[in-house]
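Chains U and W supply the protein sequences, listed in that same order.
If you read the first sequence in our numbering, its first letter stands for residue 80, the second for the next number, and so on.
If you read the second sequence in our numbering, its first letter stands for residue 7, the second for the next number, and so on.
Simulated from the structure, these hints should not be mistaken for laboratory data.
Source: prediction; values computed, not measured.
Cβ coordinates follow ideal geometry from the N, Cα and C atoms, glycine included.
Any given hint could be a false lead.
[What the hints assert, rightly or not] Ranges between beta-carbon positions, derived for each pair:
no.: 1; chain 1: W; residue 1: Lys55; chain 2: U; residue 2: Gly102; range: 28 to 36 Å
no.: 2; chain 1: W; residue 1: Gly132; chain 2: U; residue 2: Lys99; range: 34 to 42 Å
no.: 3; chain 1: U; residue 1: Asp96; chain 2: W; residue 2: Thr110; range: 32 to 40 Å
no.: 4; chain 1: U; residue 1: Met80; chain 2: W; residue 2: Asp116; range: 20 to 28 Å
[As the list claims (entries may be wrong)] No farther apart than 35 Å at their CA atoms in a straight line, the calculated lysine-lysine pairs in the DSBU-like style are these:
no.: 5; chain 1: U; residue 1: Lys100; chain 2: W; residue 2: Lys129
no.: 6; chain 1: W; residue 1: Lys38; chain 2: U; residue 2: Lys105
no.: 7; chain 1: U; residue 1: Lys99; chain 2: W; residue 2: Lys129
no.: 8; chain 1: W; residue 1: Lys129; chain 2: U; residue 2: Lys138
no.: 9; chain 1: U; residue 1: Lys82; chain 2: U; residue 2: Lys105
no.: 10; chain 1: U; residue 1: Lys134; chain 2: W; residue 2: Lys56
no.: 11; chain 1: U; residue 1: Lys138; chain 2: W; residue 2: Lys38
no.: 12; chain 1: U; residue 1: Lys100; chain 2: U; residue 2: Lys82
no.: 13; chain 1: U; residue 1: Lys134; chain 2: W; residue 2: Lys117
no.: 14; chain 1: U; residue 1: Lys134; chain 2: U; residue 2: Lys82
no.: 15; chain 1: U; residue 1: Lys82; chain 2: W; residue 2: Lys48
no.: 16; chain 1: W; residue 1: Lys55; chain 2: U; residue 2: Lys105
no.: 17; chain 1: U; residue 1: Lys92; chain 2: U; residue 2: Lys82
no.: 18; chain 1: W; residue 1: Lys56; chain 2: U; residue 2: Lys138
The primary structure of each chain is shown beneath.
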Amino acid sequence: MGKGTDALRRENKVAGDIAKKLGADKNAVHELLQEGSQMEGRALTYREGLEYVAKALGKLL
Amino acid sequence: MRHMTTDEFKIDLNLHHPSCDPETITAALALKPWFAKENGDKVGNVTHKKTAWLCQFRRGTFDEGFATALEDVVTLLSDYEAFFAEFIEQGGEVELVLNSTVDTAVEEGDKLLELSLHPWFLKQLGEHGINLRVQAWSAESE
Chain U
80 MGKGTDALRR
90 ENKVAGDIAK
100 KLGADKNAVH
110 ELLQEGSQME
120 GRALTYREGL
130 EYVAKALGKL
140 L
Chain W
7 MRHMTTDEFK
17 IDLNLHHPSC
27 DPETITAALA
37 LKPWFAKENG
47 DKVGNVTHKK
57 TAWLCQFRRG
67 TFDEGFATAL
77 EDVVTLLSDY
87 EAFFAEFIEQ
97 GGEVELVLNS
107 TVDTAVEEGD
117 KLLELSLHPW
127 FLKQLGEHGI
137 NLRVQAWSAE
147 SE
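Generate the whole structure from the sequences, applying the supplied hints.
Right, here's the structure in full:
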């Protein structure tokens with residue numbers, strides 16, 4: 080199954096904002112957002128994603 | 007991890023399992039994950055409901071190394087066939103992620119990506135019960 084344009088745009092926006100905020104690699108941020116969303120059973124919000132990615136990569140907020 | 011440049015590929019191997027210890031996977035496959043969490047681990051407010059083990063398996067450029075990287079995938083599946091079979095039988099999931107970069111400095115109607123995979127390779131994935139995800143990324147400007 081693939082993701083539609085809207086879902087990709089949303090993911091790109093959230094991942095881009097988080098990558099910029101944390102100074103993290105975008106590929107890794109996307110993968111981690113996918114991981115966190117899979118665990119929650121829904122897409123993570125920016126706040127949830129930021130916290131998840133920061134903890135996963137050992138970055139300070 | 008770093009972002010990908012033009013003509014670069016990256017192959018990731020992602021494993022998920024209801025209960026397996028990530029260290030068992032690392033030891034069994036002799037590969038180092040860049041992210042590994044066990045079922046029950048908490049990351050921020052997210053509790054992992056299954057074990058996650060994410061590994062960057064190969065990366066390189068399409069001119070050099072892509073064909074070899076696909077052969078390495080098949081070799082890995084073959085060498086650890088028993089492990090993957092048992093892993094999947096226990097409810098685990100194995101996913102191969104082919105990441106490719108695309109040049110976004112294009113004109114309307116231009117082709118952005120062409121990825122042809124030999125039936126031999128796809129057969130190996132299918133026979134081993136491996137999921138395939140293909141992702142295209144805009145390349146980092148050089």
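Outcome of the hint check:
no.: 1; hint: W:Lys55 x U:Gly102: 28 to 36 Å; result: holds (29 Å)
no.: 2; hint: W:Gly132 x U:Lys99: 34 to 42 Å; result: holds (39 Å)
no.: 3; hint: U:Asp96 x W:Thr110: 32 to 40 Å; result: violated (20 Å)
no.: 4; hint: U:Met80 x W:Asp116: 20 to 28 Å; result: holds (26 Å)
no.: 5; hint: U:Lys100 x W:Lys129; result: violated (42 Å)
no.: 6; hint: W:Lys38 x U:Lys105; result: holds (20 Å)
no.: 7; hint: U:Lys99 x W:Lys129; result: violated (40 Å)
no.: 8; hint: W:Lys129 x U:Lys138; result: violated (41 Å)
no.: 9; hint: U:Lys82 x U:Lys105; result: holds (18 Å)
no.: 10; hint: U:Lys134 x W:Lys56; result: holds (18 Å)
no.: 11; hint: U:Lys138 x W:Lys38; result: holds (20 Å)
no.: 12; hint: U:Lys100 x U:Lys82; result: holds (25 Å)
no.: 13; hint: U:Lys134 x W:Lys117; result: violated (38 Å)
no.: 14; hint: U:Lys134 x U:Lys82; result: holds (26 Å)
no.: 15; hint: U:Lys82 x W:Lys48; result: holds (27 Å)
no.: 16; hint: W:Lys55 x U:Lys105; result: holds (24 Å)
no.: 17; hint: U:Lys92 x U:Lys82; result: holds (15 Å)
no.: 18; hint: W:Lys56 x U:Lys138; result: holds (23 Å)
Against the hints set out earlier in the document, violations occur for numbers 3, 5, 7, 8, 13.
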